[in-house]
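Asker: Sequence order for the protein chains is A, B, C and D.
Its first residue numbered 1, the first sequence is counted upward by one per residue in the working numbering.
Its first residue numbered 1, the second sequence is counted upward by one per residue in the working numbering.
Its first residue numbered 1, the third sequence is counted upward by one per residue in the working numbering.
Its first residue numbered 1, the fourth sequence is counted upward by one per residue in the working numbering.
This list has only true hints and no planted wrong ones.
Heads up, the list lumps identical chains together, so a pair's fine if it works in one copy or across two of them.
Straight-line C-alpha distance at most 25 Å; calculated DSS-like pairs for lysine-lysine:
1. LYS24 with LYS97
2. LYS93 with LYS113
3. LYS123 with LYS93
4. LYS97 with LYS113
5. LYS123 with LYS113
6. LYS123 with LYS97
Hints are computed from structural coordinates only; laboratory data are not their basis.
There are 4 protein chains.
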Amino acid sequence: MAAAGMDMTALNAILADVTAPIVKALALEVIDATAQQVTLRMPVTPTVVHAGGVVCGQALMAAADTAMILAVATSLDEFRPMTTVQLQTSFLKPVPKDCAEVQVVCTLLRRGKSLAFGEIALKTPDGTLAAHATTTYALL
Amino acid sequence: MAAAGMDMTALNAILADVTAPIVKALALEVIDATAQQVTLRMPVTPTVVHAGGVVCGQALMAAADTAMILAVATSLDEFRPMTTVQLQTSFLKPVPKDCAEVQVVCTLLRRGKSLAFGEIALKTPDGTLAAHATTTYALL
Amino acid sequence: MAAAGMDMTALNAILADVTAPIVKALALEVIDATAQQVTLRMPVTPTVVHAGGVVCGQALMAAADTAMILAVATSLDEFRPMTTVQLQTSFLKPVPKDCAEVQVVCTLLRRGKSLAFGEIALKTPDGTLAAHATTTYALL
Amino acid sequence: MAAAGMDMTALNAILADVTAPIVKALALEVIDATAQQVTLRMPVTPTVVHAGGVVCGQALMAAADTAMILAVATSLDEFRPMTTVQLQTSFLKPVPKDCAEVQVVCTLLRRGKSLAFGEIALKTPDGTLAAHATTTYALL
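Chain A extracted, bound-state conformation (with noise of 0.2 Å):
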């Protein structure tokens, strides 16, 4: 298999061109793309955080679930229409909201001719792991 894979321009141009504007507020930002990962990352912003302080669990899986789209597209090394089958996170870690951001690693486990895995770690910048998530895509 011949290496694939897009530039992070290209991505970030698709992340500008696909995602819905509740997706884009969350200012996700493709910081790293290889052929089978993909890493973004998604600033703490107030517009991310809940009353208890800390990023809430609703913009870490919307960050998982785009990531994924960025990780089968660079493997096909274009956007093609795909659909979440399914998307598993577990929270392990609260991430406060002095943090700067969040990093975002999507690696492609397996990517089939219909169905696309992946598994989605959610960082701070120390290293932590804060979430991880594994889903799964149909390419249309």
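For chain A, the structure is supplied; the task is to place chains B, C and D on it using the hints.
Answerer: Just chains B, C and D, lined up with the frame of chain A:
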């Protein structure tokens, strides 16, 4: 066990008080509540629609998670700090953008001293199941 | 859509024909079936009880997965090759070893051309929910 | 934090002491262990192969769950009562019956006072990822 349950005004106040701005942007509204079940409506607005012309999965997951907060609160007769341990969502059928709203019905499956389990059905107004989630919460 | 559904004799024959010996050791038996729902009983025998004196989670997950095979078959009116894409189980309450059986109720949430979604409730005879699973299957 | 970890003899003794007969039938064996990770082998025998000629998902899920018990034990330096809260498994690639064994690698993602989170990779000897699970355990 005596019947518990908060009224809808109280539950909508929790929504307003504790959720992050990114969740408030979903414009969720409690429309029914009993001691074991809470129903929210999420209006389908351009904010939650992605380039494919359907409601984004990120919004559906966020609504499911939020419904569980309220279902736990109503079962306790008060809001108490809690955290999502895990949430698993399956996406069965896309919600088209011309759909008026999504109904989010969260049923508490079990509430123990430290853990609560819930199930969330997300339906379009014609009763079609669009997504289905299960979740575990920890009471702090 | 015409009413479909296989009878219990046919479903028990599938159990006998297609499952691995490790699953046959659970002594599962179909006790009810409609076009969208199949109920199995799993007797609580020493085979499935661990040192803590309760039914092991491994047996509960295995029963849930097996129930889904039959629920998909009955909805198709025949057994067709399929594969589990994912299965998520939550464990709500231990099943004590002196419980006679576990009832395993699998409801088909949606069956599309290539994917089927189901939900499985595992209950003790007094109606207590012991475990709850959701699953995605791919039709081959 | 001081290095912890039980040796393989001690972990195999836990397998023999605490698991249900249905799990013992899988003939699982600990082949590696560190403070945060345990590797088991599950031989591919006719006991775990279904009519489709591949290892049944039920056996893979059971192996994943069992690996986590040992990973939690080794991190605690002793076996302590615990219970599975949830386990989610994705099935990526069938394991053919002529495969010698499945390697089950469980990595502890986090162990708190009351909850532990783990991830389990199930691989064939050539390194192919056959299934992948994540799980939450409660320490009792």
